[in-house]
Amino acid sequence: MESFIHLSVKPSHVPILPISHDISSYKNCFYIDFYYSNTILFLGFDFLNSTNNPTSIYIERLFIPVEILCNCREMNHNIAIYNHFDSVPTYILDAILPGLEECARKMVVENDEGRDTLEMKLWLHVTTTLRPIEEEEDEDDRNQNDNGQIQQIVDSLEILEIDHSSFDSIEECSICLEKFCDSLKSEIVNTKCSHFFHKDCIVSWIKRCINRSSNYSCPLCRGQII
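Residues in the sequence shown are numbered consecutively from 1, following UniProt numbering.
Just so you know, these hints were derived from the structure itself, not from any lab.
Being a predicted model, the structure only gives us computed values, none of them experimental.
Among the hints, a few may not be true.
[To be verified] Quick list of simulated restraints, FRET-style, between CB atoms:
(1) 181 <-> 121: 43 to 51 Å
(2) 158 <-> 111: 41 to 49 Å
(3) 181 <-> 130: 43 to 51 Å
(4) 59 <-> 192: 34 to 42 Å
(5) 79 <-> 41: 28 to 36 Å
(6) 63 <-> 158: 31 to 39 Å
(7) 177 <-> 222: 13 to 21 Å
(8) 160 <-> 125: 37 to 45 Å
(9) 129 <-> 178: 36 to 44 Å
(10) 181 <-> 79: 18 to 26 Å
Glycine included, each C-beta is placed from N, C-alpha and C at the ideal position.
Work the whole structure out from these sequences, hints included.
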């Protein structure tokens, strides 16, 4: 698989924020008009035949706090950014974050009018080349394989069989943001990168990685979890 990425990000000179919105609720935010397309090219087929080259298109309007977008590569903002752009595969998002962060910071510096809400247009076009599959898998078989893969990964993680009250009161799962000492979830796992998560939460994260064809990376530090 090989992906070619084209990113265009710039301030919006024409207002895109609906007048009816309660702007006071979104102070110190970027309002982003986001357009994302991903075209799949299958080697061995006629590229000019659009039926062989499906394109997925996502159009969203996002509110993202200035602090998060201007520091989107920092560890403590990773999860928030990946949740905002959950339609984009992780490996693609990792590639565009530096350019997105740079543009966001520039807009803040040039905000001479002191506006609370900054408007941005973001276009992301991705072309992914895949080799053709000889036989198409049934949906049930694919789901079964995914579940087996998830279970194999979870089994390789260290399960901490301890009393939740032994955790410091400020320690929390970085996925669900519940404090370990207050949570009713029974098991806590320790990843290779030495971060702690609820077992149920890390299972959901691994499913997202599989669905987005991404590496099984830690949602907190992007390191390998196994």
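Evaluated hints:
1. 181 <-> 121: 43 to 51 Å: 44 Å Cβ-Cβ, so the 43 to 51 Å window holds.
2. 158 <-> 111: 41 to 49 Å: The hint (41 to 49 Å, Cβ to Cβ) holds, given that residue 158 and residue 111 are roughly 47 Å apart.
3. 181 <-> 130: 43 to 51 Å: 46 Å, holds
4. 59 <-> 192: 34 to 42 Å: 37 Å, holds
5. 79 <-> 41: 28 to 36 Å: Hint holds: Cβ distance 32 Å, inside 28 to 36 Å.
6. 63 <-> 158: 31 to 39 Å: Taking Cβ atoms as reference, residue 63 and residue 158 lie about 38 Å apart, which means the hint holds.
7. 177 <-> 222: 13 to 21 Å: Hint holds: Cβ distance 18 Å, inside 13 to 21 Å.
8. 160 <-> 125: 37 to 45 Å: For residue 160 and residue 125 the Cβ distance comes to about 44 Å; the hint holds.
9. 129 <-> 178: 36 to 44 Å: 41 Å, holds
10. 181 <-> 79: 18 to 26 Å: 20 Å, holds
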